[in-house]
Every structure is written in structure tokens, then in C-alpha cells.
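Residues per chain are reported as follows:
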Amino acid sequence: MLVTVKLFAGLRELAGAGELRLNVAEGSHVSDVWRVLADRHAGMAAYAPSISCAVNADYSRMTAAVQDGDEIAFLPPVSGG
Amino acid sequence: MLVTVKLFAGLRELAGAGELRLNVAEGSHVSDVWRVLADRHAGMAAYAPSISCAVNADYSRMTAAVQDGDEIAFLPPVSGG
Amino acid sequence: MRDLFRVSGQLLDAATVTAAVEDARCGAITTFVGTVRNHNAGRLVQWLDYEAYEPLAVKSFERIAQEASERWPGIRLAIHHRTGRVAVGEASVVIAAASAHRADAFGAARYAIERIKQIAPIWKREHFQDGEVSIEGATADPDDRSARQTAMERACS
Amino acid sequence: MRDLFRVSGQLLDAATVTAAVEDARCGAITTFVGTVRNHNAGRLVQWLDYEAYEPLAVKSFERIAQEASERWPGIRLAIHHRTGRVAVGEASVVIAAASAHRADAFGAARYAIERIKQIAPIWKREHFQDGEVSIEGATADPDDRSARQTAMERACS
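Chains as they are written, first to last, in numbering that gives the first Met the number 0: chain X, 0 to 80; chain B, 0 to 80; chain Z, 0 to 156; chain E, 0 to 156.
Hints were generated in silico from the structure; no laboratory data involved.
Treat the hints loosely; a few may be bogus.
Unchecked claim - Below, computed lysine to any residue pairings styled on SDA-like, alpha-carbon distance capped at 25 angstroms:
#1 E:Lys58 <-> X:Ala41
#2 Z:Lys58 <-> B:Tyr46
#3 E:Lys58 <-> X:Met61
#4 E:Lys58 <-> X:Ile50
#5 E:Lys58 <-> X:Ala47
#6 Z:Lys58 <-> Z:Asp48
#7 Z:Lys58 <-> B:Gly42
#8 E:Lys58 <-> E:Arg124
#9 Z:Lys58 <-> B:Glu70
#10 Z:Lys58 <-> B:Arg11
#11 E:Lys58 <-> X:Ala16
#12 E:Lys58 <-> X:Gly68
#13 Z:Lys58 <-> B:Ser59
#14 E:Lys58 <-> X:Ala64
#15 Z:Lys58 <-> B:His40
#16 E:Lys58 <-> X:Ser30
#17 Z:Lys58 <-> B:Ala41
#18 E:Lys58 <-> X:Glu18
#19 Z:Lys58 <-> B:Glu25
#20 E:Lys58 <-> E:Arg1
#21 E:Lys58 <-> X:Asp57
#22 Z:Lys58 <-> B:Arg39
#23 Z:Lys58 <-> B:Ile50
#24 E:Lys58 <-> X:Asp38
Unchecked claim - Residues of chain B placed beyond 12 angstroms of chain Z at every Cβ, according to the derived structure:
#25 Leu6
#26 Glu25
#27 His28
#28 Arg39
#29 Asp57
Stated by the list, open to error - Footprint (simulated), chain X over chain E, 3 or more residues, beta carbon under 8 angstroms:
#30 10-23
#31 30-36
#32 113-119
#33 138-146
Everything numeric in this text was worked out from a predicted model, so none of it was measured.
Virtual Cβ for every residue (Gly too), placed ideally from N, Cα, C.
Whole structure, please, built from the sequences with the hints as guidance.
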């Protein structure tokens, strides 16, 4: 199934893009999507302890199930304000 | 000697004026000026425990000495803000 | 003209007060606006009348700013208070505090409103549909350490 | 149109944010403006660039307002955050909190800025004369009770 991945700040820079399309296996969780990315982009794995995630623009968990067409966002540590 | 007395809020209402000229004895203190007023205007004495005072538009004390020409202000409890 | 401390019958403008403390070194500005509510203690308020001993009121604001800068070095504080009739929804007081640190800006603005209520020679009178009442709050003693301590405790989390 | 929660590239205006929360029942409005300082950690700042996941950032502001209203019932909160290049002296964030009680207005505004820094999906990049650096702060976990507790402690005196 196809998902859209949104990346920001340091993650965006490592991936060289703020938005990607990824094919992931049926039954995947957010953590599986993350693993695909971390395997593909050097340096991304170091973010694992500090990222959070969103599914379809709602805060979510790495353990959440992913549906076809979902927008999965990975959020490095934030610095707004 | 002659002093100007400024009165505000409840004190002004009791005296019927916001500004008075008073003749007080040489060597008077602020407390003496207050006593003259309190004797003259019914109801004013009840303010004694809660008033504060100023001399020439600076915070002062009832024990301060008064000079000829001073402006003495008596401040009932405040309610700004 | 950017007055830091002002007591006047003119309409207050928060942007003017804030502009008076802005500084490129300050990343945090906290502004407090006190407005006239349409009710108080269950009665409908029509307007308030504020009376001030203006020269001393301005000095009291300077004093409060001095006290604040002892606790929050580098703080920039401005206070404007209105006098005369103030309609429901209009501002009676505007405070702006600018600092490099947000905790200081919040602390100083809160401290300032507490101290104004304690020591500024300003009095309000509430006008209701069915009457009016003068409000008497705190004894205005700037040297009362316990009052100052209370203001500081409310300001500092 | 009075947006309570907004994330956009437009210049921020404190008066607009404040107007969004004004209410005749509220006598106290606390506004917080975060501006870009001309220096940070000893280096001269030229400008900041803010990047946001906009739809989630707006939802994070709504969430923060909901949290605030649990602690300060009746609080009215508005949050506007800017994105893109923000020059020195310009505002990156404006928060306004209105309440019948000044303690609540101060508390909620302070709580909001602490929570924004903890959970809003917004990232800044500092541009200096001699380079630039992305800033990474808090892990954005809205359910982290300890972070929320910290924000509450800073807000409540």
C-alpha cells in the first residue's frame, strides 16, 4: 500500500525532501515506515529516540497501524515559540 | 504657616473638596495636619488606620515635618488597576 | 514620544505601551491589559470612574519598575493608567514588560499589576444602573514589606 | 475573521490576537509576544526561519487551549505563530489569554508558551553572519505527563 511521508527540519534535510511516497507492506505500523526511511537515509536512525509522529495530521504513536493513503509525519525535536 | 491639602476619593467626598488651604502651627507634622482635618470633617477620623500620605507628591509618613507651602496629600485605601 | 509611565484621561493603546519597551535584545514581551467588566459582584456595571493623584501615581509606577529591576535585572517596564470615565470593555491599565527571558517578562508584568493595586494612588468608583460605589482596597504603603512580598510570590512561579 | 489559532507566513499583529479573545465578561488579558533577538549564545542573529507542519500545529494550539481550559475554566486563548523568514525584532509567536481573573490570564498565557515549545510541530533555523543552525528542542509528545506538569508548574505561582 502507498503512504505519504512528511519530513521536517533535520529529517527533511537528511532525506533531501519534505514529502515522499512509500510503498509499505499491508499491515504495517508507523514504526515499519520509519524503519524503511532509517535504512534508506544515513543519519536518520540517530533520531529514533527523539522523534514523534503523526498520522493524517493527528498526533499518533509508532505502534499505530497504517492504512493505504495515510499521511505519516515524523517530527524531530521541536523548537517553536 | 500655610499648606495645601489634597484629598481623594472618600476623603474628598467627606471634605466636599479635593484641595484645601490650611493654616497650621510652625513645627507641625503631617499627623497634625491630619488631626485638623479629622476634627473638622465628620467621618474622616474613621480613616485614620488606613490612610497613607504624601508630601510634595512623594510618599511620606505621618511623622514627617511640614514646611510652609508644602502640598500634603492624604490617600485613602487605593483601588487602581 | 514613548512614555514609559503615564496617567491620563486618554484612551489606552496596548501597542503604544508595548512599543515603549521593545528592544532588539529582548525576545519576550508580556503585556497585561485590565479592562472594565460588564458586571461585578453580581451587579451590571455601566462604567467606572478613575481618580488619581497623578504626579505621585507616575512616581509609584517608576518605583514599581525600580523594584522589578532589582528582582529581574535588565527588565524593561512600561505602565499606562487611565483616569476619568472608562466604559465597559475599555482598558483602565496597560502594563508591558520586555526581557531576554520569558519568565522575567511574565514575572515583572504580574508583579507590576499586583503592586499597582497595592500602592498606586488611584481610586475607582463603580457606576451601576441603580447606584454607585467607591472602591477602597489596599492601604497605600510602599514600604510595607509584607505587601511587597505577597506581590513577589504571586509573580514568581 | 477572528482566528483563535493560526499558523501562517503573515506578519503577526498582537492587537489582532488580543481582539480574538476580548469579551465583556473578561477584565484581564495577558498577551505574550516572542520576538527574534539580535543575538543568541553570543552570536549575531540575522534572521530566523520557521518551518511548521501547519495542520498539526493548529491542532496542537487547540489542544493546548483545551488543556488550559481544564485548569482555568472559562479561559479564552488565542495563539498565532509565524512561519518562514522572521527578521530581528519581528514576532514569531503571539499568545493572548483573557479571563475574569488576572491570575488565570497570566497562568494560561505562560502555560501556552511552555506547551508550544514542548509539543507544537514547529522548527526554527537560526541564520548568523557566518552560518546557520537548526534548533532541536523538545521531543514533541503531547501525552508526556512530566512535560505537561513542568509547564503547569511554570505557569502557576
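Here is how each hint holds up against the structure:
no.: 1; hint: E:Lys58 <-> X:Ala41; result: violated, 31 angstroms
no.: 2; hint: Z:Lys58 <-> B:Tyr46; result: holds, 24 angstroms
no.: 3; hint: E:Lys58 <-> X:Met61; result: holds, 19 angstroms
no.: 4; hint: E:Lys58 <-> X:Ile50; result: holds, 18 angstroms
no.: 5; hint: E:Lys58 <-> X:Ala47; result: holds, 24 angstroms
no.: 6; hint: Z:Lys58 <-> Z:Asp48; result: holds, 21 angstroms
no.: 7; hint: Z:Lys58 <-> B:Gly42; result: violated, 30 angstroms
no.: 8; hint: E:Lys58 <-> E:Arg124; result: holds, 22 angstroms
no.: 9; hint: Z:Lys58 <-> B:Glu70; result: holds, 16 angstroms
no.: 10; hint: Z:Lys58 <-> B:Arg11; result: holds, 22 angstroms
no.: 11; hint: E:Lys58 <-> X:Ala16; result: holds, 24 angstroms
no.: 12; hint: E:Lys58 <-> X:Gly68; result: holds, 21 angstroms
no.: 13; hint: Z:Lys58 <-> B:Ser59; result: holds, 13 angstroms
no.: 14; hint: E:Lys58 <-> X:Ala64; result: holds, 21 angstroms
no.: 15; hint: Z:Lys58 <-> B:His40; result: violated, 29 angstroms
no.: 16; hint: E:Lys58 <-> X:Ser30; result: holds, 23 angstroms
no.: 17; hint: Z:Lys58 <-> B:Ala41; result: violated, 31 angstroms
no.: 18; hint: E:Lys58 <-> X:Glu18; result: holds, 20 angstroms
no.: 19; hint: Z:Lys58 <-> B:Glu25; result: violated, 29 angstroms
no.: 20; hint: E:Lys58 <-> E:Arg1; result: holds, 17 angstroms
no.: 21; hint: E:Lys58 <-> X:Asp57; result: holds, 8 angstroms
no.: 22; hint: Z:Lys58 <-> B:Arg39; result: violated, 30 angstroms
no.: 23; hint: Z:Lys58 <-> B:Ile50; result: holds, 18 angstroms
no.: 24; hint: E:Lys58 <-> X:Asp38; result: violated, 31 angstroms
no.: 25; hint: Leu6; result: violated, 10 angstroms
no.: 26; hint: Glu25; result: holds, 26 angstroms
no.: 27; hint: His28; result: holds, 17 angstroms
no.: 28; hint: Arg39; result: holds, 21 angstroms
no.: 29; hint: Asp57; result: violated, 7 angstroms
no.: 30; hint: 10-23; result: violated (count 0)
no.: 31; hint: 30-36; result: violated (count 1)
no.: 32; hint: 113-119; result: holds (count 5)
no.: 33; hint: 138-146; result: holds (count 5)
The structure fails hints 1, 7, 15, 17, 19, 22, 24, 25, 29, 30, 31 (numbered hints given earlier, in ascending order).
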